[in-house]
Structures are given as structure tokens and as C-alpha cells.
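*Asks:* Using the sequences and the hints, build the whole thing.
In the order they appear, the protein sequences are chains G and V. Just add 19 to the spot in the first sequence (first one is 1) and you have our numbering. Just add 20 to the spot in the second sequence (first one is 1) and you have our numbering.
Honestly, the hints are just simulated from the structure, not real lab data. Incorrect hints may have been included.
What the hints assert, rightly or not - Straight line, CA to CA, 20 Å or less: simulated DMTMM-like cross-link-like pairs of lysine to aspartate or glutamate:
(1) Lys204/V with Asp181/V
(2) Lys225/G with Asp199/G
(3) Lys178/V with Glu23/G
(4) Lys21/G with Asp115/V
(5) Lys267/G with Glu23/G
(6) Lys21/G with Glu52/V
(7) Lys226/V with Asp187/V
(8) Lys26/G with Asp115/V
No experiment lies behind these values; they were computed from the predicted model shown.
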Amino acid sequence: MKTENQKAWFFVLPVLALVAFNALIPMMTVVNYSVQETFGDNVFFWQGLDWFQQILRSDRFHAALGRQFLFTFLILIIEVPLGIAIALSMPRKGFWVPVCLVLMALPMLIPWNVVGAMWNIFTLPDIGLLGYFLNHVLGINYDMTQDPIAAWVTIVTMDVWHWTSLVVLLSYAGLVSIPDAYYQAAKIDGATNWAVFRFIQLPKMKTVLTIAILLRFMDSFNIYTEPFVLTGGGPGNSTTLLSIDLVKIALGQFDLGPAAAMSLIYFAITLLVSWLFYTLMTKDDLN
Amino acid sequence: MQKRSIVPIVYILFLMLPIYWLVAMSFKTTNEILSGFSLFPQTFTLDNYKTIFTDPSWYWGYINSILYVSINTVISIAVALPAAYAFSRYRFLGDKQLFFWLLTNRMAPAAVFALPFFQLYSAVELFDTHLAVALAHCLFNIPLAVWILEGFMGGVPKELDETAFVDGYSFPRFFATIFIPSIKAGVGVAAFFCFMFSWVELLLAKTLTAVAAKPIAATMTKTASSAGYELGLLAAAGTLTIIPGAIVIWFVRNYIAKGFAMGRV
Numbered sequence: 020m021k022t023e024n025q026k027a028w029f030f031v032l033p034v035l036a037l038v039a040f041n042a043l044i045p046m047m048t049v050v051n052y053s054v055q056e057t058f059g060d061n062v063f064f065w066q067g068l069d070w071f072q073q074i075l076r077s078d079r080f081h082a083a084l085g086r087q088f089l090f091t092f093l094i095l096i097i098e099v100p101l102g103i104a105i106a107l108s109m110p111r112k113g114f115w116v117p118v119c120l121v122l123m124a125l126p127m128l129i130p131w132n133v134v135g136a137m138w139n140i141f142t143l144p145d146i147g148l149l150g151y152f153l154n155h156v157l158g159i160n161y162d163m164t165q166d167p168i169a170a171w172v173t174i175v176t177m178d179v180w181h182w183t184s185l186v187v188l189l190s191y192a193g194l195v196s197i198p199d200a201y202y203q204a205a206k207i208d209g210a211t212n213w214a215v216f217r218f219i220q221l222p223k224m225k226t227v228l229t230i231a232i233l234l235r236f237m238d239s240f241n242i243y244t245e246p247f248v249l250t251g252g253g254p255g256n257s258t259t260l261l262s263i264d265l266v267k268i269a270l271g272q273f274d275l276g277p278a279a280a281m282s283l284i285y286f287a288i289t290l291l292v293s294w295l296f297y298t299l300m301t302k303d304d305l306n
Numbered sequence: 021m022q023k024r025s026i027v028p029i030v031y032i033l034f035l036m037l038p039i040y041w042l043v044a045m046s047f048k049t050t051n052e053i054l055s056g057f058s059l060f061p062q063t064f065t066l067d068n069y070k071t072i073f074t075d076p077s078w079y080w081g082y083i084n085s086i087l088y089v090s091i092n093t094v095i096s097i098a099v100a101l102p103a104a105y106a107f108s109r110y111r112f113l114g115d116k117q118l119f120f121w122l123l124t125n126r127m128a129p130a131a132v133f134a135l136p137f138f139q140l141y142s143a144v145e146l147f148d149t150h151l152a153v154a155l156a157h158c159l160f161n162i163p164l165a166v167w168i169l170e171g172f173m174g175g176v177p178k179e180l181d182e183t184a185f186v187d188g189y190s191f192p193r194f195f196a197t198i199f200i201p202s203i204k205a206g207v208g209v210a211a212f213f214c215f216m217f218s219w220v221e222l223l224l225a226k227t228l229t230a231v232a233a234k235p236i237a238a239t240m241t242k243t244a245s246s247a248g249y250e251l252g253l254l255a256a257a258g259t260l261t262i263i264p265g266a267i268v269i270w271f272v273r274n275y276i277a278k279g280f281a282m283g284r285v
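*Replies:* Laid out in C-alpha cells, this is it:
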């Protein structure tokens with residue numbers, strides 16, 4: 020049982036100060052930009068909510084948002100079940116456990132632009148391992164710089180490669196924390212594998228799966244460096260995800276106002292969806 | 021049991037293929053890479069690595085990265101320890117809201133916040149220092165560290181605190197000599213995750229540095245565009261970025277899986 024103690028605030032103060040310094044001041048700058056127009060030389064004019072209207076009505080924003088949702092949906096629908104399946108089939112004890120964990124965690128430790136560059140070279144049609152194999156051994160016409168579908172397959176595969184391990188590690192952590200007694204009881208009752216999964220393993224993994232889904236949602240929704248290095252948003256605009264479009268507006272065209280308005284809308288959407296996930300998945304625990 | 025192990029083996033093979041390709045390329049000359057496909061290096065060369073270890077602009081990239089990642093890990097853990105203790109032991113006004121707010125800091129699109137970050141750190145005259153990157157990475161590392169540490173602390177019975185106070189320990193002494201050693205594993209895991217996320221992040225690190233504190237990943241991008249397309253060199257640099265991560269992960273391997281299992285949601 021926790022004790023009521025308002026002085027605990029002092030323990031939290033350093034964290035609060037550091038995070039607020041990093042979060043609130045840039046956030047205020049962005050809010051500031053989103054309601055102003057500038058013609059250079061740091062002269063600003065009040066613009067009201069025009070940028071927000073302009074962004075919310077623009078087809079470009081809708082298209083990028085649609086691509087972003089499609090990407091995140093694909094990522095979650097592939098990585099979560101795949102991660103659980105791999106975790107279920109991993110050994111529970113012995114020499115191979117740490118070996119598996121270390122090898123699986125490796126992709127997560129590679130700097131994001133290196134991941135992008137690595138997959139770029141890996142998929143080059145004539146000199147990359149995957150590109151060569153698909154084009155010259157299997158005879159599939161695969162070139163992600165030309166074909167939007169190939170580009171999509173590549174960025175999704177890259178993300179599955181990069182992040183499925185996170186789901187695996189988390190699910191595995193949930194699985195090993197289940198006491199043997201549960202399995203023995205299920206065995207006596209003659210439960211099928213599916214029943215064991217549905218009524219013992221899945222409920223026990225719920226907490227860690229919540230973390231996994233939340234982290235994967237937030238990170239895939241904000242993904243920037245890897246697809247940018249891999250495809251640069253192309254061919255055409257086919258893989259221009261929301262954050263890539265945002266940077267194009269902010270740093271490519273230096274339209275700070277619209278870019279700021281767009282990033283606030285973006286942030287609000289991320290926050291809303293994360294909050295929905297969070298409340299839906301922790302609903303039962305609140306009582 | 022035998023049939024089951026096929027799934028992890030196939031998965032690990034899938035993970036290793038691109039990494040193999042990167043490592044194999046780092047031992048090839050750029051000419052060989054561009055001239056066509058070869059599964060193994062035909063003319064095995066160490067020149068790419070030699071360039072990196074002899075050219076200061078390359079190896080300083082690694083030193084810079086390791087410096088700011090270490091500073092960040094130390095700061096994050098130092099401030100997250102007392103905060104996690106507060107979240108784990110006490111109820112106070114707004115604790116739940118504060119916890120969720122901390123989590124939301126992972127959600128801000130870094131791509132656009134990069135510019136305000138640049139202005140902020142220029143204003144406080146920290147631009148192009150290791151400290152700037154280390155502090156900026158606190159934004160997403162501190163919440164994670166608090167989250168993980170709180171989970172581990174929740175596993176320590178409260179009686180430990182009470183007994184120590186009855187025995188006349190002051191709070192700081194109890195915290196440093198009894199409490200922290202009892203969650204050593206948790207500190208290791210939290211430090212690992214701070215290391216990992218700071219090591220792989222590039223956008224903020226690149227925005228906040230110019231010369232003196234430039235991270236290795238930024239050195240790589242620059243070389244790729246200015247010196248044509250030196251694929252061999254790029255591959256060698258990429259391979260070297262994997263090694264620190266691999267070493268750290270080997271040391272904390274037994275705690276990785278446990279790290280999140282105890283986290284609270």
C-alpha cells in the first residue's frame with residue numbers, strides 16, 4: 020500500500036525540470052509559430068488559426084496522414100502477432116536463451132540512419148543481396164526506386180526487421196513470468212494448446228503487450244529517419260509518411276507557420292490514439 | 021520441442037542477413053561493390069577500417085557519440101532514481117497525470133521540434149556541446165528510465181524501508197547503501213535502454229551539433245554525399261556502430277527480458 024505524502028514531489032522535481040525544459044519550451048515555440056506569419060528577418064505577424072484551417076483542408080495533409088495510418092496499421096498487424104508467435108516458440112531455459120535474446124536485440128541497437136542506409140544497399144537490384152536474389156534468381160521485377168508497391172514492401176519489411184524483436188522481448192518477458200503451476204493445472208484439466216494460450220498466456224502477457232503496442236504505435240507513427248534514408252519518400256510521393264512531409268514543409272520550403280500547425284495537429288492525433296489504446300487496454304486494471 | 025525451434029532460427033536468420041551484407045561489404049573495395057554481385061568479398065581489404073581508425077574526423081565521431089550517450093545515461097539514471105522511488109512508494113497530488121504526461125514526451129514529432137530545440141540550445145549557449153545532446157535525449161530517456169526503475173522498485177517489499185528507518189538509517193544513507201544495491205539489476209536494465217535509445221537517435225544529435233560534438237552517424241551522412249558514394253567506407257563505419265551496442269547487450273543479456281516485464285502500465 021502506498022503512503023500519502025505530498026513531499027514526494029521533491030523527488031520528482033529534477034525529472035520534471037529536465038523534461039519540462041526539453042518539452043515545454045520547444046512546444047511553446049511551435050505554438051508560437053503556428054499562429055504567426057513571417058517574411059524573414061524575425062518579423063512576425065499575427066495570423067490566427069489560418070494555418071490550422073489551411074492544413075486541415077489540404078489534400079496533401081490528408082494523403083500523408085492516410086499513408087501514415089496505413090503504415091502504422093500494417094506494422095501493428097504484422098509485428099504484434101509475429102512477435103507473440105516467436106516468443107511462444109522460444110526456449111524457456113538453457114544456453115540458447117541469452118544467445119537468442121542477444122541476436123534478436125541486435126537490430127534495435129543500430130543507429131536509425133544506418134538501418135536505412137543498410138536496407139538501401141541490401142535491396143539494390145544488381146548489387147544488393149535481396150535485390151539480386153529477387154531479380155536475378157527468382158526473376159521478380161523488383162526495384163523500390165521505380166515501383167511504389169516494392170517501396171512499400173521494403174519499408175514495411177525493414178520496420179518488421181528492426182522492431183519485431185521489441186515485441187518478442189516483451190512477450191517473452193511476460194511468458195517467463197508465468198509460474199509452472201498454471202501449466203500443470205491446465206494439463207490436468209486437459210486444456211488444448213489454444214486454450215492454454217487464450218486463457219493463461221495471453222492474459223498474463225497483457226501488461227507487457229500494452230507497453231509493446233503503445234511503444235510500437237508511438238514510434239511507428241513518428242518514424243522519420245529510416246524511411247527517409249531508405250526511399251526519401253519516393254517514388255513520387257508514395258512513401259511520404261507524415262513526418263517526412265512535415266520536414267519537407269518545415270525545412271525544405273521554410274514554411275514554419277504551416278509546419279508548426281501541422282505538427283501540433285499531428286501531435287494531437289498521436290496523443291489521442293495513444294490515450295485511447297492506453298485506456299482501452301488498462302480499463303480492467305483501474306478497478 | 022525440436023520442431024518449435026524452427027521459428028526462432030528462421031527469424032534470427034532473417035535478422036542476420038542484412039547485417040551480414042553490411043559486414044561483408046565493409047571488407048570489399050568500393051569498386052568491387054559497384055561492379056556487381058558477390059556473396060563473399062573477392063579481394064579482401066581492411067582499407068576501409070584503416071581509414072576510419074586513422075582519420076580524426078571519423079574516429080572522433082565515435083568518441084563524441086560515446087561521450088554524449090554516457091553523459092545522458094548518467095543524468096537520466098541519477099534523476100530517475102528518486103522520481104521512481106516517489107512513484108513507487110507514495111501517492112501524491114497529480115501522480116497519475118504526471119506519469120502519463122511523462123510518457124507523452126515520446127510522442128512529439130521530433131522532426132519538427134528539431135528547429136525549436138536548435139533555438140533553445142543556442143539561446144542557453146550549449147550548442148555543439150556533448151551536454152546539449154545528452155540533455156536533449158533526456159526528453160525520451162527519463163520517462164523510460166522512471167518507468168523501468170519504478171517496476172523494479174515495486175518488487176522490493178516496503179518492509180525493507182521501514183526496518184532501515186527503525187534501525188536509525190537516514191534516508192540518503194538508506195537509499196544509497198541498501199535500496200539501490202537491492203535493485204542493481206533494474207538500474208542495469210534502465211541504463212541499457214537509455215544507452216540504446218540515445219545511441220540510435222540521430223535527428224536531435226545532428227541538429228544540436230556542428231563540429232565539436234558531431235556524432236558518428238552524422239559523419240556518415242556527410243561522407244556519403246560529399247565524397248561521392250564510398251560504399252565500402254560507409255559499410256565499415258556502419259559495422260563499427262553495431263559493436264558498442266553488441267558489447268552492452270552482452271553484459272545485460274540476463275536482465276533484458278526482465279526489464280519490461282516488471283514495468284507498470
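*Asks:* Each hint should be assessed against the structure and marked as holding or not.
*Replies:* How the hints compare with the structure:
1. For the proposed pair Lys204/V and Asp181/V, the alpha carbon gap of about 16 Å is at most 20 Å, so the pair holds.
2. Proposed proximity of Lys225/G and Asp199/G is supported: the alpha carbons are some 18 Å apart, at most 20 Å.
3. For the hint pairing Lys178/V with Glu23/G, the CA-to-CA distance comes to about 14 Å; that is within 20 Å, so the pair holds.
4. Between Lys21/G and Asp115/V, the direct Cα distance comes to roughly 12 Å. Compliance with the 20 Å bound is thereby established for this hinted pair.
5. Between Lys267/G and Glu23/G the CA atoms are separated by roughly 49 Å; this puts the pair beyond 20 Å, and the hint is violated.
6. Proposed proximity of Lys21/G and Glu52/V is contradicted: the alpha carbons are some 65 Å apart, above 20 Å.
7. Of the supplied pair hints, the one linking Lys226/V and Asp187/V is violated, its CA atoms being roughly 51 Å apart against a limit of 20 Å.
8. Distance hint between Lys26/G and Asp115/V is fulfilled; the C-alpha atoms sit about 12 Å from each other, no more than 20 Å.
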